[in-house]
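Each residue of the sequence shown is one higher than the last, beginning at 1 in UniProt numbering.
Calculated from the structure, these hints are not laboratory results. Incorrect hints may appear among the rest.
Claimed, not checked - Derived DSSO-like pairs (lysine-lysine); straight-line CA-CA distance at most 30 Å:
no.	residue 1	residue 2
1	Lys-289	Lys-223
2	Lys-335	Lys-395
3	Lys-304	Lys-386
4	Lys-223	Lys-372
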Amino acid sequence: MPRPVPSPVVMPPVVVDSSLAGQTIVATLRKLLPDQSWSAVRKVIEQRRVLVNRYACFDETRRLTERDRIEVLAHPAAALPDENSIELIYVDEQIVVALKPEGMVTERRYDDLPDAPELRWRALTLDEAVTIRLMGGREATIAGRANPTSPGRPPLLPAGQRPVHRRDQMRRDSQRRDATGSSAKSRLHTPKAPPCHVRAAHRLDRQTSGLVVLSRVPEAGAKLYAQFQAHDVLREYEALVWGWIEPQRLESELIRDRGDGRRGSRQPVTMLEAGAEDSPAANPLPAGKMAATNLVASRQGHFKSGTGELAPVSWIRCQLETGRTHQVRIHLSEKGNPIVGDDVYGTHSLDGVPRLYLHAARLGFIHPMTGKRLEFSLSWPEVDRKWLESHFEDKS
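Please put together the full structure from these sequences, using the hints given.
Here is the structure:
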């Protein structure tokens, strides 16, 4: 008789607590799946069956943080977006405007740069994907072909990365020998990470889709950065939020930790509207950075679930006066209207909701080299627009 095929390892969603925070994903799964061997757990990761915060995790050395949501699927998860998933809206010799898909990180953090370079090809960031497209594809990129519109220009380092001097490389190699028992030279056949010849002038959350402007030369990048710092850029988002909300202005001081480990307002917008006292005695939280969001339009209606139940929702447009991390998500959540699909600041079930419904739809700025005003507008990707139209019903 043929041997029965074993059922695939599965694990329902688990939220990382303080006892698991700081551990690698492979070590955490080994604890949560004690009947599985180390090799079996590693195989599950390699098969693209492990999700961390809804996205496939390829790197077994990734360290988890508190409140991360991990899950093991019975079958491989959908592939992450790559260079073919982006759309180049505008390209010249100094800048690029691209449409970032949901699920793609805008740029790689500094602490991600030296780790597992071969994995970066499987989880490209937007700046890397744009570089590959500009250089004519992966084969040309790997071959190191020069940027066709900037002949002879040396490639830019990713934001935050400095040139590596020989003594720094020697120290890094020594540390790797101490940690792994083998020198970096023994891994010369490891595929190099994709180069990054462009830099994003601003960032969108991984869960957010929309327009991003990137620089191709340092001077353009510096001038774009100055515009964003001065809040001289038009940034307008579309979002689907729970509940009915009218056009209004939301303003608060945002801080990194509102007391529960999450970003938030020093005083939530609802407290500010109620005239709550704000003094060191009444509010011991540190001062934050002022953030302002203008809700400029709201289309009220109902969300149609798979069971036929209706829930009040609003399809809104909002413009940013400032560009703080998670600003729109925090302001709407604290107002009592979290964005549909928000797994961090939301309070509603995510069942049947495929993504965070937040999209950067308009972007306007001064061209850093020509001084010409540029403005771009692009609504939801087709698949998301169809989902929204099928689940949104106007308020009668």
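(request) Compare the distance between the alpha carbons of Lys-289 and Lys-223 with 30 Å, and conclude whether the hinted pair is satisfied. (result) 22 Å, holds
(message) So if I understand the rule, the pair passes when the alpha-carbon distance is 30 Å or less; does Lys-335 with Lys-395 pass?
(response) 21 Å, holds
(request) Decide if the proposed pair is consistent with the structure: Lys-304 and Lys-386, CA atoms, cutoff 30 Å inclusive. (result) 13 Å, holds
(message) Please verify whether Lys-223 and Lys-372 have alpha carbons no more than 30 Å apart.
(response) With Cα atoms ~13 Å apart, Lys-223 and Lys-372 stay inside 30 Å; holds.
Every hint, counting from the list given before, is met by this structure.
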